[in-house]
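Count the first sequence with the numbering used here and you get residues 1 to 830, in order.
Worth flagging that the hints you see were computed from the coordinates, not collected in a lab.
Some clues are possibly wrong.
[What the hints assert, rightly or not] Capping the alpha-carbon separation at 16 Å, the derived lysine to aspartate or glutamate pairs in EDC-like fashion look like this:
| id | residue 1 | residue 2 |
| --- | --- | --- |
| 1 | Lys-555 | Asp-201 |
| 2 | Lys-230 | Glu-209 |
| 3 | Lys-681 | Glu-755 |
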Amino acid sequence: MSVTEERTYDFRAIERGWQERWEREGIYAARDDDPRPKYYSLEMLPYPSGDLHVGHAKNYTLGDAIARIHRMRGFNVLHPMGWDAFGLPAENAAIQREIDPETWTRENIRNMQRQIRLMGTSYDWSREIASCDPEFYRWNQWFFIRLLEKGLAYKREAPVNWCPIDQTVLANEQVENGRCWRCGAAVERRNLAQWFFKITDYVERLLRELDRLDGWPERIKTMQRNWIGKSEGVTFSWDVENVEAQIEVFTTRVDTLFGATFLAVAPEHPVVEQILQKMPKARRRIDEFTASLKNKSELERTQLMEKTGVPTGAYAVNPLSREKIPIWVTNYVLAEYGTGAVGGVPAHDERDFVFAKKHGLPIAQVITTPDGSLHAPLHEPYVEDGKLIASGEYTGMKSAIARRAIAARLEAMGRGRVTVNYRIRDWLISRQRYWGTPIPIVYCEKDGIVPVPDDQLPVLLPKNVKFTGQGSPLANEPSFVDTTCPRCGGPARRDPDTMDTFVDSSWYFLRYLDPRNDEKPFDHDVASNWMPVDQYIGGAEHAVLHLLYARFFYKFIVDSGYASGDDEPFTRLFNQGTLLKDGEKMSKSRGNVVGIDDTVERYGVDAMRLFLLKAAPPEDALEWTDEGIVGRVRFVQRVWRAAEPLASIARTVPLDRLPEIRGEAQRELVRALHVALESGKNETATHRFHYNVTTAKLDELVNHLTAALREPDAQDDPAVRYVVHALPIVLAPFAPHLADELWSRMGYERSVHLERWIEPDPAALAVEEITLVVQVNGKVRARIQAAPGIGEDDAFALAMRAPAVTAQIDGKQIRKRIFVADKLLNIVAA
RNA sequence: GGGCACGUGGCGGAAUCGGCAGACGCGCUGGAUUUAGGUUCCAGUGGGGCGACCCAUCCGAGUUCGACUCUCGGCGUGCCCACCA
1 MSVTEERTYD FRAIERGWQE RWEREGIYAA RDDDPRPKYY SLEMLPYPSG DLHVGHAKNY
61 TLGDAIARIH RMRGFNVLHP MGWDAFGLPA ENAAIQREID PETWTRENIR NMQRQIRLMG
121 TSYDWSREIA SCDPEFYRWN QWFFIRLLEK GLAYKREAPV NWCPIDQTVL ANEQVENGRC
181 WRCGAAVERR NLAQWFFKIT DYVERLLREL DRLDGWPERI KTMQRNWIGK SEGVTFSWDV
241 ENVEAQIEVF TTRVDTLFGA TFLAVAPEHP VVEQILQKMP KARRRIDEFT ASLKNKSELE
301 RTQLMEKTGV PTGAYAVNPL SREKIPIWVT NYVLAEYGTG AVGGVPAHDE RDFVFAKKHG
361 LPIAQVITTP DGSLHAPLHE PYVEDGKLIA SGEYTGMKSA IARRAIAARL EAMGRGRVTV
421 NYRIRDWLIS RQRYWGTPIP IVYCEKDGIV PVPDDQLPVL LPKNVKFTGQ GSPLANEPSF
481 VDTTCPRCGG PARRDPDTMD TFVDSSWYFL RYLDPRNDEK PFDHDVASNW MPVDQYIGGA
541 EHAVLHLLYA RFFYKFIVDS GYASGDDEPF TRLFNQGTLL KDGEKMSKSR GNVVGIDDTV
601 ERYGVDAMRL FLLKAAPPED ALEWTDEGIV GRVRFVQRVW RAAEPLASIA RTVPLDRLPE
661 IRGEAQRELV RALHVALESG KNETATHRFH YNVTTAKLDE LVNHLTAALR EPDAQDDPAV
721 RYVVHALPIV LAPFAPHLAD ELWSRMGYER SVHLERWIEP DPAALAVEEI TLVVQVNGKV
781 RARIQAAPGI GEDDAFALAM RAPAVTAQID GKQIRKRIFV ADKLLNIVAA
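Please model the entire structure based on the sequences and the hints provided.
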């Protein structure tokens, strides 16, 4: 073996060895009774899709660095991991390849456990959970029944989103641009009886309390606000001429009421049938129109079709002007939003304008610009607030004032009221699929809807189910569906549906706190002590799904007394940027994945981790390159070559005080260490987590160390020994294996990950000389070396000795001096 | 169409408070070591000029002694929402 080979860091053997030892000794296990301040550090739990790629590694590496540095900063850190194990891909594998979904899932979990361990992440594996375990999903069923008892779970027939490919209904949150979020199929509308969670009961709190989530990205809060979609307006009714009916409309622009020239209703609106009873002549054309819409998917109806409609022949009476306007059935008014009917104001609404132009309906301007300069004919709708015209007694009012006045008038007439409307709908949780939590409900001919009693939970998923891809697997399984009523003992049928997997992730973070409890989902006191999650890390794709559901669920949990304290579950949220390969998001479906196993085998875990942290700030998208990681391989080897030969003697210089400093180079070396320590501390304390900067400071430190080691007798220099001694500590959160290997070679028995971070020392950070920038008229002309704290006059005197400065001032008057202590002197001359 | 981000060398990025633009890394160039390749080490690396200096953070204005940073306008990129009444 040659000399160079001997000094090469054998990362393959060393990294594996440390992972086994950490696990054997359980050094990352969190204890409930630890007296130190708690820190709950959580990454969104992964779906066990098969293989991890370096995109996953990016997410977990950041979370692990944060957990590790908090542990070293004196916190009792809880850092758990688990599996979001229910879901469609497992069932699709069953249909396509005849593998049992459970087998498929368990195999994937096993493989991903191995890969996550390969990354050297500091999880407390004793708390691991998988949502497909009956010990976990039992509590989904338990919570379902608690929600049912509170009236927050209910079954209702409603128009719902149906995915024809995945053969199940979807929540509104799972429909993106009219398409299924999983498979991309155009979603259809179906009227089905389904279970909902009443998230709308919590909508005001979910909206208002976003304001106090200071640790959340503004972007995510905005997305939640938009999704909730609160709008304030007026709901009021129109009489229908010659028909015993009223039509309620909701509008945010009641100031435009005098400009309504038609009334638009959704085809599904009940008033359509009432009108047809009186005026059967219109039936054929309305039926034809409605039928033409029926064939269209929701996507086509909302996005691709032009606005169209047919008149009903009936007229509505404007409650204020008494004007009669025609009632039209249209395709652009949605039955599910507001009241399903809208006053058509072409002059001041873009959709109504387009519709009126097409069908030759009048355009009546009732708002003009504040200066009154806008007059008919309008070539485009004027949708801003302005001043009312042609609006009876309200003419001349500003929009905002008119809105209040007209609302008050409608209220006084007993026709209307100020209302608030929300875009968000109740959360549809039924799924017509097998691989999920069975809904714990039994239908009895005598007793109706009967919840399964707590002591009969869990309702287990049956094994050996047939997967044909046709219809719901559980519904086709008589041994599961046929049961007896828990109340009367008579024949009954089980609900054949399973729950949306987002139910699992709405409270899983509480199960980590008490994972083996078989009497309750979690203990009240244990949960209250650990909650809320201090730092939550994950991608932004869950902004209106998981993150909204979990907030709802935790509010319910605190309201019900299952836990106490702040009812917001996640104090701080950090959105990781995605990992790109060749400019595209790395994903299995795109086929551009770089695997964990290959990367670790080739470059080592620490090099991979360092690259993922170093290449970009964690919130930014990061392009994976094989060239970039070799720089980190070099770094790991450079550290090893510098520090390992001194490992046996480094401990002779203690870390609890600064070492003897023999010269300027030694000062700079020790300073570089403390700069790195401070960077790690600050990036953590400010929650920026820009460890790309901290790792750059580590590079500078190692550059200084390498230079110092070229001096004769460097091994005997106390500053060199001190820095080598401290190196494992400052490396530990980022390159945990390398750090522990060096630490143990110094003779320590205990892992470096149980050591304290060294507090950056102001004396080490202080500089003996500062560089004062001298500007003339804002342009840098000289840099002068001076002692820190130099006064303005002394600085000026020094500056005037610099030829580059005097040359610029020559022949001019000095008007002003700006002096920033220890930084800059700007001489203004003209 | 609306909202929110962002725009700095060949590339990823740094500059935390309005005060040295380009830290650190990749790549590249030259040198040393090496039979050679690789590794390692050293030096250099925004553009222009022989030079004192000049130009440069998407473009254009503005505020300021001083702007990558603040304001206004434009262009570009990304993400989210979108017949929501």
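Quick rundown of the hints versus the structure:
1. For the hint pairing Lys-555 with Asp-201, the CA-to-CA distance comes to about 11 Å; that is within 16 Å, so the pair holds.
2. For the hint pairing Lys-230 with Glu-209, the CA-to-CA distance comes to about 14 Å; that is within 16 Å, so the pair holds.
3. Distance check on the hinted pair: Lys-681 and Glu-755 sit about 15 Å apart at the alpha-carbon level, within 16 Å; holds.
Checked against the numbered hints above, the structure violates none of them.
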